[in-house]
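K.L.:
Based on the provided sequences and hints, a complete structural model is requested.
One-letter residues, chain by chain:
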Amino acid sequence: MQLFMTCVLLLGALSPTTHAQDSSESTGDSAKLRVIATIPTYGLLAEELGQDLVEVITVCRPGQDLHGVMATPAFMARVRSSDLLFYTGLDAELWLDGMLRGAGAVNLLPGNPNAIVMSTGVPLKEVPAILDRSQGDVHAFGNPHMWTDPLVVRDMATRVGDALVRLLPEHAEVIRDREEAFRLRLTKALVRWLTDYASLANTPLVTYHQSWRYFLDRFRLVRVGTLEPKPRVMPTSGHLTKLVETMQARDVKLVIREPWQHPQASEFVAERVDVTVLALSTHPGWPEGTGIIEHFEHNLAEIARALDLPVSDPGE
Amino acid sequence: MLHPVDPGACAPTPRRSRRPLVSLVGLLSLFLAGTTRAQEDPVEALASALREALATIERLEARIAALEEGAAPTSDSEADQLEAQLRALIVDDPATQPQRTIFPSASNPRIGVFMDALAEAGNGEEELGDGDRFSLRETEIDFRMPISPFAEGVLVAVHEDAGNNEFESLVEEGYADISWSGLFHNDTALRSRLGRFRVGFGKDNRLHLHDLPQADRNLATQYQLGGEGVIGDGIEFSMPLAHSDSADGLGATTSASLAFVNGELFTGEEGILGERAEDDGLEIDSDAPLIVGRVTHYRELDARSDLEFGASFITNMGSDTITTDAGNEITPRAYGADITWRQRGDETLVGSWLLQGEYLQTDFQATGPANPSFPNTDETNHGFALTAQRQMSMNTYLGVRLDRTDMLASAGEVEGVSPYFSWYPTEFFRVRTQAQYLSMRDDATADDSITRLLFQFTWNFGAHMPHPYWTNL
Ligand SMILES: [Zn+2]
Chain A
112 MQLFMTCVLL LGALSPTTHA QDSSESTGDS AKLRVIATIP TYGLLAEELG QDLVEVITVC
172 RPGQDLHGVM ATPAFMARVR SSDLLFYTGL DAELWLDGML RGAGAVNLLP GNPNAIVMST
232 GVPLKEVPAI LDRSQGDVHA FGNPHMWTDP LVVRDMATRV GDALVRLLPE HAEVIRDREE
292 AFRLRLTKAL VRWLTDYASL ANTPLVTYHQ SWRYFLDRFR LVRVGTLEPK PRVMPTSGHL
352 TKLVETMQAR DVKLVIREPW QHPQASEFVA ERVDVTVLAL STHPGWPEGT GIIEHFEHNL
412 AEIARALDLP VSDPGE
Chain B
66 MLHPVDPGAC APTPRRSRRP LVSLVGLLSL FLAGTTRAQE DPVEALASAL REALATIERL
126 EARIAALEEG AAPTSDSEAD QLEAQLRALI VDDPATQPQR TIFPSASNPR IGVFMDALAE
186 AGNGEEELGD GDRFSLRETE IDFRMPISPF AEGVLVAVHE DAGNNEFESL VEEGYADISW
246 SGLFHNDTAL RSRLGRFRVG FGKDNRLHLH DLPQADRNLA TQYQLGGEGV IGDGIEFSMP
306 LAHSDSADGL GATTSASLAF VNGELFTGEE GILGERAEDD GLEIDSDAPL IVGRVTHYRE
366 LDARSDLEFG ASFITNMGSD TITTDAGNEI TPRAYGADIT WRQRGDETLV GSWLLQGEYL
426 QTDFQATGPA NPSFPNTDET NHGFALTAQR QMSMNTYLGV RLDRTDMLAS AGEVEGVSPY
486 FSWYPTEFFR VRTQAQYLSM RDDATADDSI TRLLFQFTWN FGAHMPHPYW TNL
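If you read the sequences in order, they're chains A and B. Using the working numbering, read the first sequence as starting at 112 and increasing by one per residue. Using the working numbering, read the second sequence as starting at 66 and increasing by one per residue.
What the hints contain is simulated information worked out from the structure, not anything from laboratory work. Where is the CB? At the ideal position from N, CA and C, for every residue including glycine. Incorrect hints may have been included.
[Stated by the list, open to error] One side of the interface only, derived from the structure: several residues of chain B facing chain A at Cβ under 7 Å: (1) Glu123; (2) Gly316; (3) Tyr363; (4) Met459.
P.N.:
Written out as structure tokens, the structure reads:
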């Protein structure tokens, strides 16, 4: 029993000191608001509006599948003692709960005021009528990949601004100004894209997963099928053969896969139909270094080029 | 893994030039406020006017910066115009639905069910026992749910085949997972499991059957700790001890856990000696009060690979030993060391590697009258398992495990080679084929060898449950 108590006391004594130690190692400036973002879009928004007021850790890399993130010990240590979390919610980040619990970050578990759900209020697409795995690994609440729509991202900027202003009220004006500037830049770009890329409307295409749906609808592209037979079920040759027929009937010229999706399935259809296969990410930062607006710019330009349509000029 | 972020890199540079002014005015107002109390009012008014002016300057500067980027409108009406333009271009999509508030689990826990069926063919002693060739080896039901703002309740109930189509129900784990930071509203990362749980010893021992990379536990775990591994009732404390990120964003984390449990190391119904005692009509009077400790060091080597070292021990608490009704006194001790290296494949995640080694040592001391189950002995047993696994395609893995171990409370030893192939048609269904060649040398009996083929089918339904970060898929 004596040993028991000694060990408990030892652990108790270790906790505050070690914490002080490693926060000085990894954070540096303790005055900054520590922000966790599950995906690059939220991380970049927090940086854009918070700039020198925040330190942002983004969990999912720009070339990584959000659904496949693993809560490693290093990430658990990084998200410890953070102040604010931006995540999609619904069932996009099933690994988040385990990572937060592993980190002891119960202050950011879903339902806490500083755990900001970015999907709140966004009208959902592809809400399943049947909810079981005969439909694949469906998103139970509907498609959560809403950050692919620039108009949704514009509202997300406001959500990020609201959270930052609430926690940093003394910097409210400067944060709101940055938010307004970002929203205006995005709005200008969006008006130009919707005008210059109006000819994309009704273009049929095929994607790998359902991840592009919000983007496609915004620019009125039409998804005639996915390489996956059902969400997160491996493409089968039977399904792909049928898809090839559909693609021929609908005159599909374009297939989009994300960098983490295996090229085998898109190669299979490309051998049988005359299509361009584009590897595009739904996350900004892919290609490397792109911000939110440049990322949309890149994806739209790539799609236009693949379809032999004129590419919009971002101007000065 | 980490998307390294340098907030300094995107801070606007023009802002810097204002810093001296800010501090000057700040100092001035402080100075005035501090020294001239007699004229409090006008000075205070001046200072606050200055502060207001500063705030305005900051706001104007932000606006200028925005204007320079060409983003800010020159007037509000321009913004309105732009918005009207945007609205005219947007085509409303009839396919969208407003979010519904769905509570799929209302106040019920999340439930995940794992079923594991095993078929075998071959000679010699069966994995399944009692001549069974096909068995629904185990059904595991995992319930979990927050029980407070700082704790989660977990129950893992298992229904397992005890042979001859008889099923046994047991609680494999049932604990509250408590975060002390939430309990005491501070920054500590200390976490506790309170109840019954797989103790934090070794690598293989900590996993549930369906999470194992092979169809069976490694031989060192089986023959030194018992077929189920070590489960204990008590309390465990765990926390990260140190973490650092290198300049290029690669992290290194050291963490530790310490548990005080009544455990089934060697003894109890699931322990090796417990089973043997039962066969011999003996009884062991209690589970041993145990201390279990583990230190883990995890390190990201580059963007694609990482390494984990672990060292663990189990020792009896205080001077308590376990006694049998025949008067033998047993002192249990176990030590473990493990290393795991994994490398992700290309960006599509195909082609990953997993290399893992685990070493186990048990010190077994028994005193008292000689009897066949518990020889009066002081022996040290060693064992290891080495695993190499390669991802062959999106959903197939090929691997091999090499084993060698002494057997507890016996002069025997076992060696094994187990190549295996795992196929995941979906994330929720797995088919695994494992060949196994075992060579056993027991006390009295002659050498014995077993060659067999195991077919394992694992499927899962219900909620997505957490699985260890290093297993693929
Ligand atoms: Zn998805």
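K.L.:
Now tell me, hint by hint, if it's right for this structure.
P.N.:
Okay, the hints, checked on the actual structure:
Hint status for B:Glu123: holds, given a least beta-carbon distance of 6 Å to chain A, under 7 Å. Checking B:Gly316 against chain A: minimum C-beta separation of about 3 Å stays under 7 Å; hint holds. Checking B:Tyr363 against chain A by beta carbon gives a least distance of about 4 Å; that is within 7 Å, so the hint holds. At about 5 Å, the closest approach between the beta carbon of B:Met459 and any beta carbon in chain A falls short of 7 Å, and the interface hint on this residue holds.
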